[in-house]
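J.: Residue numbers (my numbering), protein chains in the order written: chain B, 1 to 66; chain R, 67 to 329.
These are calculated hints, taken from the structure and not from any lab test.
One should not assume that every hint holds.
What the hints assert, rightly or not - Here are the simulated DSS-like cross-link-like pairs (lysine-lysine), alpha carbons at most 27 Å apart as the crow flies:
hint, chain 1, residue 1, chain 2, residue 2
1, R, 194, R, 216
2, R, 95, R, 136
3, R, 325, R, 315
4, B, 31, R, 97
5, B, 31, R, 216
6, B, 50, B, 31
7, R, 252, R, 216
8, R, 252, B, 31
9, R, 136, R, 194
Said to hold, decoys possible - Residues of chain B clear of chain R, computed beta-carbon distances all greater than 12 Å:
hint, residue
10, 35
11, 42
12, 50
13, 52
14, 55
For every residue, glycine included, the Cβ atom is placed at its ideal position computed from N, Cα and C.
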Amino acid sequence: MNLTVNGEARTFEPLANLSALVSALGLDGRKVAIERNLEIVPRSAYGKTKVVDGDRIEIVHFIGGG
Amino acid sequence: MDGSVLGQDDSWSVAGRTFRSRLIVGTGKYKDYAQNAAAAEAAGAEIVTVALRRVNLSDPSQPMLVDHVKPDRFTFLPNTAGCFTGEEAVRTLRLAREAGGWDLVKLEVLSNTQHLLPDMEETLRALKLLIADGFQVMVYCSDDPVYALKLEEAGAAAIMPAAAPIGSGRGIQNFLNLGLIIEQSKVPVLVDAGVGTASDAVLAMEAGCDAVLMNTAIAEARDPIRMAGAMKHAVIAGREAFLAGRMAKRTYGDPSSPKGGLI
């Protein structure tokens, strides 16, 4: 399936939900926040949020800043 | 007396949270997150500012801030650095709230990428959007008492005028305006941005600021951890001097030794 993740076009094996996407990217879901098609997905809902071909996903985390 | 003992009972509060340290430090520009964490500890900081950015998909194993500067040790103050509109600020801080659950945030809406001074019209608009969304907002602003009052009336949790442009290290450029802002504000006033060295922090606190927020002055010092300690003591010294009340200035000299009893 094709997704846009953090502005990059990426191709994945079919993914059941956001949790599967986080795992496929090698990320720790406890340390990120996710937007799916401009809507924030609560961390508790990653497992039940379906990922659909063409979705635009933003995955962010905290970095150093002033 | 160790400077760290001073001011133990001299706390300050913002948005219902009480802190003893009056030094908030940023977490940008350090050599690495380990140095960053050591500097925050040396500063005695209880609050650190943090930024929100996309994760690096090409290297998910790279070091993460939260593994070094831990959210259970410091109160994270997510910022809106890099935002130029109210909508961008709201989107960023909603994500920050989801990433960690914080509703105490730092709003900064910049006007351009050169002097980095705040766009106050857009800052005020963004503040109203954030308050409507349930955030407690500490607002980075220009040193304009008129706009500072508008921010407070709109519900800002703290007013944070720039001493000088972000990262410029120039120190407080307008003591008159800073004094007017301190005098009129009922919420905490913090100098945020522009501090260059310890004496700048002392002057901010002597002027009556509730706290000081800085990043570059520590991160770009030759020895950041030592400078973090210097800033801790500077903030305490300035605060204690403010509370002690300085002597009156005189035009002429006034001897400290008695004039009588001379041989």
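J.: Check the structure against each numbered hint from earlier and tell me which ones fail, lowest number first.
T.: 5, 8, 9, 10, 11
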